[in-house]
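Put chain E on the given structure of chain Z with help from the hints.
Read off the chains here:
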Amino acid sequence: MDLDRYNYLQKRDIKLAQIIPDQMLQVMEMLIHWIFQVGEQNNLEIKTIELAAILSKLYLSKQLIDSDTVDLIGIVSIMIAVKFNECQNKIQMNIQDCVNQCQSKYSSKEITDMEMSLLSLIEYDANMTTITDYYDGEAVQIDLVLFVTLDSEFLYFQKYELYEAIRNFYSKDTSNLSENTKNIISRISAKINQLTANDVSNTPKIKKKIIKKKGLRRSKIYSSQSITL
Amino acid sequence: MSQIPLSKYHLLTKIGQGLYGDVYKANILGTDQYVAVKKIRIYDVSVGVPITALRETSLLQRIQHQNVVKILEVEKIHGQIRVVMEYLKLDLQQYLNENKDRLSVELLKKFMHDILSGVGACHRLNCIHRDIQPKNILIQDDGTLKIGDFGSARVFQKFPQFFTSDVCDLWYRAPELLLGSNYYTIAIDMWAIGCVFAELILKQPLFQGENEIHQVKLIIPNVQSFQTVNLNDPNLQIQFNGIITNKLQNLINQDGLDLILKLLKLDPEQRISCSQSLQHSFFR
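Chains Z and E supply the protein sequences, listed in that same order.
No gaps in the numbering here: position 97 of the first sequence is 97 in the working numbering, and each next residue is one more.
Every position in the second sequence, counted from 1, becomes a number in the working numbering once 1000 is added.
FYI, nobody ran anything at the bench for these hints, they're computed from the structure.
Note that the Cβ used here is the ideal one computed from N, Cα and C, for glycine as well.
Distance ranges between label pairs, derived from CB positions:
| id | chain 1 | residue 1 | chain 2 | residue 2 | range |
| --- | --- | --- | --- | --- | --- |
| 1 | Z | Gln63 | E | Asn1182 | 32 to 42 Å |
| 2 | Z | Gln10 | E | Asn1246 | 42 to 52 Å |
| 3 | Z | Lys62 | E | Leu1278 | 40 to 50 Å |
Residues from chain Z shown here face chain E by an in silico Cβ test under 8 Å; the list is partial:
| id | residue |
| --- | --- |
| 4 | Glu115 |
| 5 | Asp125 |
| 6 | Ala126 |
Listed below are the simulated DSSO-like cross-link pairs for lysine-lysine, each with C-alpha atoms no more than 30 Å apart in a straight line:
| id | chain 1 | residue 1 | chain 2 | residue 2 |
| --- | --- | --- | --- | --- |
| 7 | E | Lys1158 | Z | Lys11 |
| 8 | Z | Lys90 | E | Lys1039 |
| 9 | E | Lys1110 | E | Lys1262 |
| 10 | E | Lys1158 | Z | Lys172 |
| 11 | E | Lys1217 | E | Lys1262 |
Isolated chain Z, as found in the complex (with noise of 0.2 Å):
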């Protein structure tokens, strides 16, 4: 990778300087895991659904919000990622999708609002650095990207420190990647083998079945239907 590019990215790639509180923390994952599911219902991008999920986070982490309300600022997310990044002849969003997607527990008032205020915390620069970005040719592991994206342990690291720790997550030989690196390989693999474990003793599947990519378990935010972006 061109080292112009490398340094873009990475002036781009947001670190969460406020600490998103443990109580917020559960509400955050389903929150992403909602975003998922209707990203893979619409067939949206990696990209996008990533940069929805940096978008939700973000908010979550500046502004103190009540727990019932934080579908508004996914939605919204959502709709800023689909006009950023998707092409538009493929899939539209507007206000009123938003709503419908909400079964109208927002007017279209409060989600314009939530738009201009999303935009005014972000200084209207929506092009922040996924993991994805990262890549330069290579395979993609979605999977694994999906994973660091919903869990809240790896949180608080930059996208290029978990694109570096995915990247090597199957290679046999680790001897030249960094501390930090082999850190985050190791948190990804007890992170999947707890789960896998819990598993057994009958605990939800959601983040294991995103490992295996099965498709997403339906939300629990409320039962999804297919949005017409």
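Just chain E now, with coordinates in the frame of chain Z:
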């Protein structure tokens, strides 16, 4: 006492209509410094902030380059978003219309160098401009060219992605777009730059098609069927080089012609990049 926000800018006259709203010449209050203010008009409440506006503010704020127009600030005032940009009163299209004389080789080199540097800066940051044409190239008072209007631009990743083929002004549209490709690359900008280069020499657009089919026929005259066109067919390229050479050979030196032919390769894979172009012997 309630606060009434005051804009830092005083709007003077409307100077144009951008992709997403009117553009005004304005001055910074208390100074005689001019800026251009684009009011983002929410045309359609159902869409929210227009896609073109979101992409322009997202991409332009980060590309800091002397040959790319600068966003100074995004101002939110009275519930409205205003994009404040540097003010440049002239674009390359107006310049070509007003200036009937032929451009000197020195000026051609300077202009092409600026264009390639500006577009090259976008490409390095994973951004395809998708609307390179003289109207979107602005001229600063000292003669420096700056690439503007990023409403059609988008970011790309380093694997094939589906994009809309309906981009670029018709006269500057690359053959793969005309044939309906959805998996194009930054090479479409290179074709458009080639067309602009030829236009600087000819003082008129290179291929002025009336519609898409006519545009293809100007580029590939004896096209039989659009489905069977093979852009990397060497014979097609030889034929095409003949057309370009006929039009330009007495107007530009050999190096210049060679660079144009490398920019106007029918096969996008073979088209020269910005960084390669800047190394070309034409600039020596």
